Each structure stands twice: as structure tokens, then as C-alpha cells.
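Please construct the entire structure, taking both the sequences and the accompanying hints into account.
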Amino acid sequence: MEAQLATLASPRMTLSDEQRHRVLTLGQDLTAVWEHPTASAALTKRLRRPVLQEILSDTRQEPPEHMRQLHWHGGVHTELRVARHTIGQHGRATPPQALAVIRELSKVCRDQTIAATLHRLGYRTGTGKTWRVHSVAWVRYQYRLPNFLKEHAWLTLEQAATQLGVSATVLRRLIAQGTLPASQVVPAAPWIIHARDLQLLAVQMAVQAGRRERRQPGRRPGPTASPPAGEAQPAVSPVETGSPAQGSGAQ
Numbered sequence: 001m002e003a004q005l006a007t008l009a010s011p012r013m014t015l016s017d018e019q020r021h022r023v024l025t026l027g028q029d030l031t032a033v034w035e036h037p038t039a040s041a042a043l044t045k046r047l048r049r050p051v052l053q054e055i056l057s058d059t060r061q062e063p064p065e066h067m068r069q070l071h072w073h074g075g076v077h078t079e080l081r082v083a084r085h086t087i088g089q090h091g092r093a094t095p096p097q098a099l100a101v102i103r104e105l106s107k108v109c110r111d112q113t114i115a116a117t118l119h120r121l122g123y124r125t126g127t128g129k130t131w132r133v134h135s136v137a138w139v140r141y142q143y144r145l146p147n148f149l150k151e152h153a154w155l156t157l158e159q160a161a162t163q164l165g166v167s168a169t170v171l172r173r174l175i176a177q178g179t180l181p182a183s184q185v186v187p188a189a190p191w192i193i194h195a196r197d198l199q200l201l202a203v204q205m206a207v208q209a210g211r212r213e214r215r216q217p218g219r220r221p222g223p224t225a226s227p228p229a230g231e232a233q234p235a236v237s238p239v240e241t242g243s244p245a246q247g248s249g250a251q
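For the sequence shown, my numbering begins at 1 and goes up steadily by one.
Simulated from the structure, these hints should not be mistaken for lab results. Values in this document were obtained by computation on a predicted structure and should not be read as measured data. Glycine included, C-beta positions come from ideal geometry on N, C-alpha and C. Treat the hints with care, as some may be off.
Each pair of labels, with its calculated beta carbon distance range [said to hold, decoys possible]:
#: 1; residue 1: H73; residue 2: T14; range: 21 to 27 angstroms
#: 2; residue 1: S40; residue 2: A153; range: 55 to 61 angstroms
#: 3; residue 1: T179; residue 2: R103; range: 37 to 43 angstroms
#: 4; residue 1: T130; residue 2: W34; range: 40 to 46 angstroms
#: 5; residue 1: Q97; residue 2: A168; range: 24 to 30 angstroms
#: 6; residue 1: W34; residue 2: S57; range: 18 to 24 angstroms
In C-alpha cells, the structure reads:
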């Protein structure tokens with residue numbers, strides 16, 4: 001401490017005309033000094049102190065942001081607004097695409113199935129790891145996502161086909177036609193169907209038509225009926241049955 005006080009008490013270093021000219025030149029292009037690769041944090045702080053008087057900070061909930069008031073020497077004020085992270089948002093947060101898949105599949109699938117689907121689709125966690133059952137369960141808890149064991153309003157394609165008594169292929173055709181509403185959060189993800197949509201009149205009519213087609217397949221031509229017993233079969237001439245060579249020999 002005494003050494004520092006002695007240094008401060010020593011006379012200030014005087015600048016030569018060349019050094020003074022260089023300092024003034026740098027002052028005219030402060031951006032170059034500020035953004036120079038060799039400019040350290042300590043240097044930028046020393047540059048701010050002579051011109052910046054104080055910084056006032058405030059936090060707002062709606063919209064979530066930080067507001068900064070910069071008071072400069074001379075009476076000029078600058079206002080800065082910086083968006084802040086909400087709960088669960090940080091550098092290692094769950095990617096939005098993976099979160100959307102978990103949100104949709106939580107309606108109809110177990111955590112193990114969701115983790116397998118995310119792995120098959122190539123998604124990673126916020127830390128870059130593969131999805132596990134516990135990581136899916138943590139995301140559901142963090143974002144208050146539904147648990148399919150408590151939700152019976154949603155069905156998978158296979159579950160809906162079982163309830164209607166038709167094949168999954170029939171339901172895929174109805175979805176492609178727009179008859180049966182269904183959602184697929186990303187390509188290759190399972191289809192999700194609301195249970196009440198199975199009772200739509202158009203869906204019921206299409207299902208009943210499919211059942212009738214299965215009960216009444218197209219008729220196949222049967223065998224030729226034989227004549228009753230005791231009746232002679234019509235004679236066929238050799239010319240009609242034989243080949244052209246056989247006919248010329250008979251003559």
C-alpha cells in the first residue's frame with residue numbers, strides 16, 4: 001500500500017509531442033481502440049471512467065428484459081434494453097424442436113418411447129447427449145407437460161385403428177384425404193389423433209364403407225354347370241375339335 005501511495009505521489013509522466021499526437025489520434029477513432037484484439041477488459045474500463053458517470057439498471061417481467069440507463073458526463077443519457085432469459089432458458093436449454101416433439105408425444109407415449117423416438121430422429125439434449133428416460137422425464141417436469149397415463153383424450157394411429165376395428169392403412173388414407181384430423185409434429189414422428197374425432201360422421205361413414213367392402217368381395221366366376229344325369233351331352237364334330245391337319249386327312 002505504501003508503495004502504491006508513493007507511486008501516486010510521484011510526479012506525473014510528461015508526454016512528448018509525438019506521444020501526445022498519437023494519443024489524440026487514437027481519441028478520434030475510439031472504436032478502433034475499443035475493438036482492438038489486444039485491448040483488455042482493464043483498458044476498456046479505464047476508457048469508460050472519464051466519460052461515463054453512472055449506470056442505472058432495472059428488470060422488467062413483461063416483456064422479460066433488462067433496462068440500462070447510461071449517464072455520460074455532459075448530461076447525455078443512453079438507454080439500452082437487453083432481453084433476459086426466462087425460467088429454463090439458458091445456454092444448455094432443450095432445443096425447441098426436441099421440446100415440441102416431447103410436448104406432443106407426452107400425450108400418448110411413455111418416456112421410454114419418447115426417448116427412443118428422439119434418438120431415432122437425431123435430436124440431442126441441451127448438453128449434446130443422447131436422450132434417456134430420465135432426461136425426458138425432467139423436461140416434462142420442468143415444462144409441466146402432460147402425462148399420457150392421466151390423459152385419455154389422445155390416441156396413436158394404432159390405438160385409433162384398434163378402436164375403430166380397421167387397419168392402420170385405412171386411417172392413413174383417411175388422414176391423407178383430410179377426413180380424419182391428426183397431427184404429426186415432425187416427419188417420421190407418430191401420428192396423434194384426438195379421441196373425439198373418431199366419432200365424426202365422415203369418419204364413421206368411411207369406416208362402415210370399408211367394412212362393407214370387406215364383407216362383399218367381388219364375385220368370381222364359378223365352374224360351368226354339368227347337365228342333369230341321364231341326358232346325353234351334345235356331340236361335337238371332329239372338324240370342330242380337331243386341328244386343320246386332322247380335318248384334311250378325314251376328307
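Status of the hints after comparison with the structure:
1. At about 25 angstroms, the CB distance of H73 to T14 agrees with the hint of 21 to 27 angstroms.
2. Checked against the given bound of 55 to 61 angstroms, the beta carbons of S40 and A153, roughly 60 angstroms apart, stay inside it.
3. For the pair T179 and R103, the beta carbons lie near 26 angstroms from each other, so the given range of 37 to 43 angstroms is not met.
4. Between T130 and W34 the beta carbons are some 43 angstroms apart, a value that agrees with the proposed interval 40 to 46 angstroms.
5. For Q97 and A168, the Cβ-Cβ distance of about 26 angstroms falls inside the hinted range of 24 to 30 angstroms, so the restraint holds.
6. At roughly 21 angstroms, the beta carbons of W34 and S57 sit within the given window of 18 to 24 angstroms.
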